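Asks: Let the hints inform the model, and build the full structure from the sequences given.
Letter by letter, the chains look like this.
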Amino acid sequence: MKLLSFKGGTHPLERKELSSDAHIKRVEPPEIVYLPLSQHTGAPSKVIIEKKDEVTVGMKIAEGDGKISVPLHSSVAGVFMGVVDYPHPLGEKKPAMKIKVDHEKTGEWEGKERDPESLSPEEIIKIVRESGIVGMGGAAFPTHFKLQPPPDKPIADLIINGAECEPFLTSDYRLMMERTEDILKGVDIIRRVLNPERIWISIESNKMDAVEKMKEAASTYPWAKITVHATKYPQGSEKQLVQSITGLEVPDGGLPFDVGAYVQNVGTAVAIYEAVRYSKPLYERIVTVTGSVREPSNFLVPIGTPFEYLIEQTSGVIGELKKIINGGPMMGIAQVTGEVPVIKGTTGILIQNEEEIIPGQTSACIRCASCIDICPLNLMSTELYKFISMDNFDRAEELGLLSCIECGTCSYVCPSNIPLTQYFKYGKAMIAKRRK
Amino acid sequence: MLQLSPAPHISSPKSTKKIMYGVIGALIPALVGSVFFFGWRALFLVVLSVLTAVATEWLFQLITHREITCSDGSAIITGILVAFNIPVNSPWWIAVVGSFFAIFVVKQLFGGLGYNIFNPALAGRAFLVASWPSLMTGKWSSPVHGFISGLDGMTQATPLTILNMSPSLELIQALNSQTMLKALFVGNVGGCLGETSCLLLLIGALFLFIKRYADWRISLSYIGSVFILSGIFYLVGVTPVNPVFHILSGGVILGGLFMATDMVTSPVTTKGVWIFGIGGGIFCVLIRIWGGYPEGVSYSILIMNMLTPLLDRLQPRIFGR
Numbered sequence: 001m002k003l004l005s006f007k008g009g010t011h012p013l014e015r016k017e018l019s020s021d022a023h024i025k026r027v028e029p030p031e032i033v034y035l036p037l038s039q040h041t042g043a044p045s046k047v048i049i050e051k052k053d054e055v056t057v058g059m060k061i062a063e064g065d066g067k068i069s070v071p072l073h074s075s076v077a078g079v080f081m082g083v084v085d086y087p088h089p090l091g092e093k094k095p096a097m098k099i100k101v102d103h104e105k106t107g108e109w110e111g112k113e114r115d116p117e118s119l120s121p122e123e124i125i126k127i128v129r130e131s132g133i134v135g136m137g138g139a140a141f142p143t144h145f146k147l148q149p150p151p152d153k154p155i156a157d158l159i160i161n162g163a164e165c166e167p168f169l170t171s172d173y174r175l176m177m178e179r180t181e182d183i184l185k186g187v188d189i190i191r192r193v194l195n196p197e198r199i200w201i202s203i204e205s206n207k208m209d210a211v212e213k214m215k216e217a218a219s220t221y222p223w224a225k226i227t228v229h230a231t232k233y234p235q236g237s238e239k240q241l242v243q244s245i246t247g248l249e250v251p252d253g254g255l256p257f258d259v260g261a262y263v264q265n266v267g268t269a270v271a272i273y274e275a276v277r278y279s280k281p282l283y284e285r286i287v288t289v290t291g292s293v294r295e296p297s298n299f300l301v302p303i304g305t306p307f308e309y310l311i312e313q314t315s316g317v318i319g320e321l322k323k324i325i326n327g328g329p330m331m332g333i334a335q336v337t338g339e340v341p342v343i344k345g346t347t348g349i350l351i352q353n354e355e356e357i358i359p360g361q362t363s364a365c366i367r368c369a370s371c372i373d374i375c376p377l378n379l380m381s382t383e384l385y386k387f388i389s390m391d392n393f394d395r396a397e398e399l400g401l402l403s404c405i406e407c408g409t410c411s412y413v414c415p416s417n418i419p420l421t422q423y424f425k426y427g428k429a430m431i432a433k434r435r436k
Numbered sequence: 437m438l439q440l441s442p443a444p445h446i447s448s449p450k451s452t453k454k455i456m457y458g459v460i461g462a463l464i465p466a467l468v469g470s471v472f473f474f475g476w477r478a479l480f481l482v483v484l485s486v487l488t489a490v491a492t493e494w495l496f497q498l499i500t501h502r503e504i505t506c507s508d509g510s511a512i513i514t515g516i517l518v519a520f521n522i523p524v525n526s527p528w529w530i531a532v533v534g535s536f537f538a539i540f541v542v543k544q545l546f547g548g549l550g551y552n553i554f555n556p557a558l559a560g561r562a563f564l565v566a567s568w569p570s571l572m573t574g575k576w577s578s579p580v581h582g583f584i585s586g587l588d589g590m591t592q593a594t595p596l597t598i599l600n601m602s603p604s605l606e607l608i609q610a611l612n613s614q615t616m617l618k619a620l621f622v623g624n625v626g627g628c629l630g631e632t633s634c635l636l637l638l639i640g641a642l643f644l645f646i647k648r649y650a651d652w653r654i655s656l657s658y659i660g661s662v663f664i665l666s667g668i669f670y671l672v673g674v675t676p677v678n679p680v681f682h683i684l685s686g687g688v689i690l691g692g693l694f695m696a697t698d699m700v701t702s703p704v705t706t707k708g709v710w711i712f713g714i715g716g717g718i719f720c721v722l723i724r725i726w727g728g729y730p731e732g733v734s735y736s737i738l739i740m741n742m743l744t745p746l747l748d749r750l751q752p753r754i755f756g757r
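Chains as they are written, first to last, in our numbering: chain A, 1 to 436; chain B, 437 to 757.
The hints are simulated quantities; they were obtained by calculation from the structure and are not laboratory data.
Straight-line Cα separation of at most 30 angstroms, DSSO-like style, residue types lysine-lysine; simulated pairs:
1. A:K7 with B:K454
2. B:K450 with A:K322
3. A:K2 with B:K707
4. A:K225 with A:K153
5. B:K647 with A:K2
6. A:K7 with B:K453
7. A:K322 with B:K453
8. B:K453 with A:K425
9. B:K454 with A:K425
10. A:K112 with A:K100
11. B:K450 with B:K707
12. A:K322 with B:K454
13. A:K7 with B:K647
14. A:K436 with A:K46
15. A:K225 with A:K213
16. A:K51 with A:K126
17. B:K450 with A:K425
18. A:K94 with A:K428
19. B:K450 with A:K7
20. A:K67 with A:K428
Since the structure is predicted, the reported quantities are computational estimates derived from the model, not experimental observations.
Replies: Structure, rendered in structure tokens:
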């Protein structure tokens with residue numbers, strides 16, 4: 001079998017076996033949940049309830065503010081305690097809605113059933129927005145907005161991203177194993193909105209049982225083609241996935257629809273299905289909790305649950321807790337505190353102990369060019385690093401700094417442990433700052 | 437306390453130290469060969485050269501209050517390669533001066549590891565050749581296991597120096613003979629300490645290529661272009677010896693496998709790498725045939741080192757542009 005692939009990339013240790021066999025398990029909500037008003041790309045949501053108000057599961061508690069924003073729903077039943085400044089997994093404290101949980105009243109979702117077939121694309125987009133759906137792969141871009149590409153950019157290839165190239169994470173894998181049919185039903189709804197010529201469901205070759213399962217389920221959905229991709233990081237990156245399937249490069253500074261492609265994560269497809277079919281807003285998600293924990297797990301978690309609560313659910317940390325990471329090891333963000341809550345874009349929580357944290361000791365660049373060989377964007381990492389160190393951001397920009405997708409591969413392969421990706425993020429931030 | 441650091445939170449097993457000690461390991465077979473063919477003095481010169489290189493680096497970093505990195509392996513490589521580039525009957529101080537110059541002037545004064553423009557060992561050799569030409573290219577000792585027949589009268593010369601002295605037809609025949617080429621390949625000929633056995637150098641380099649500690653494209657394009665260009669010149673009668681003789685004699689193999697592939701002083705892009713190798717090979721043949729020195733390897737690589745910053749401008753097309 002020929003595996004689809006892209007230029008560059010690398011093969012970090014996968015470690016998915018830690019949690020890949022752990023079935024999705026619903027966790028009981030903690031005593032208090034914290035729902036940050038900013039969980040998505042775009043303007044934060046606006047609170048629409050009063051302090052001391054009672055809330056129910058799935059009740060809208062904050063409204064989307066503008067086009068690129070979505071509403072927020074309570075993940076539990078309980079009492080709204082007010083807006084507090086609370087640690088946020090993407091850094092710095094941000095306003096969050098504090099809700100005291102009423103365990104008695106918190107139950108499973110019960111909502112009005114709908115027939116997706118009877119809805120127009122406009123109605124579907126409206127439901128998706130009202131349900132607070134954002135990209136579940138980590139980027140958390142409002143889905144209703146993405147579902148409306150410019151009319152002059154028709155979608156030829158709809159790509160459903162089940163690559164899950166981040167090491168350790170298995171939330172998408174479990175979803176593909178346990179909710180196979182629901183993914184396809186979600187894709188069917190997206191299909192009705194975008195009207196693509198072809199539909200691909202893309203999975204890496206390290207998840208062959210998911211491939212088989214998907215193929216089997218797809219027999220009743222003749223429009224779905226399953227593609228198997230080389231297990232190579234960052235296969236799941238939007239541009240790399242589009243290139244693997246269509247052979248086309250998304251133009252520099254452009255978006256997939258510029259080459260007629262559209263990428264949506266498998267988790268988002270399920271969220272869309274649940275919203276359209278069962279009127280269920282996005283208030284819970286699957287989170288892999290893995291690494292140095294006794295029982296690596298895949299939890300179905302109410303949004304707003306603090307990380308430390310989930311870590312306890314895995315029977316605790318092996319060794320001394322040194323790092324809590326929101327996301328996977330390649331792109332995830334190390335946390336200041338375990339109090340941070342799960343947000344809509346939290347794909348996993350990775351725990352590292354004293355043996356697993358990598359030493360911060362760097363040495364001089366020996367120009368081995370590993371970083372250049374693996375860059376999926378063909379960037380001259382050594383030169384970018386040099387010019388950013390010298391604060392020459394203009395030259396760095398000429399060399400394509402803004403094209404960097406921050407996948408972390410260059411830092412990963414660097415034998416001198418130079419935090420290249422961090423330099424690039426810094427350089428990009430400096431350029432953005434100067435433009436203001 | 438939770439540790440905060442930017443992503444990624446895992447790192448590949450490759451490290452600079454591993455690369456450096458890998459290169460040292462790859463040089464060991466050739467070193468063993470040198471001792472076998474030239475005797476214990478070969479080892480003495482290598483050890484002396486390495487000690488000088490490491491001590492120079494340590495002293496420099498101590499005096500200039502820099503981080504002491506003399507154990508990272510890079511100075512050891514330079515020490516070995518300086519010794520590999522001198523004749524085995526050189527006085528001991530040649531090794532010391534060469535290593536000192538390589539580390540102090542060529543490496544540390546330019547900013548230390550990663551910042552030097554020229555390969556330190558090669559620039560060290562160039563300095564020695566320019567300063568003591570008679571010691572560096574005049575006197576050669578024959579291998580301890582005896583010289584090959586037909587060249588008995590020339591025990592004081594390497595095959596390449598014979599070639600540079602307008603040799604007789606008879607000698608040329610001897611140079612082109614199977615026996616000669618075999619001797620060159622195995623290492624049973626006079627020459628610099630480390631360049632003698634092509635076979636053992638290749639074994640070491642193979643390890644580097646598999647480990648990706650050296651770029652095979654540079655070696656292939658460098659040695660390949662020496663072969664092709666000297667082959668063309670052989671066919672049109674410009675050089676009397678065949679291209680196999682050209683790549684096996686002198687330092688082409690040592691230079692092509694271990695010096696041109698020095699990561700610090702070679703280009704970082706695919707295009708640059710090929711141009712670097714091919715250009716080096718061309719310069720090597722031109723110097724050998726028309727230059728004043730019998731050997732062109734060091735200067736050919738040093739010239740390409742100089743062009744490396746320029747070659748690094750040949751950046752690949754950015755994705756989506």
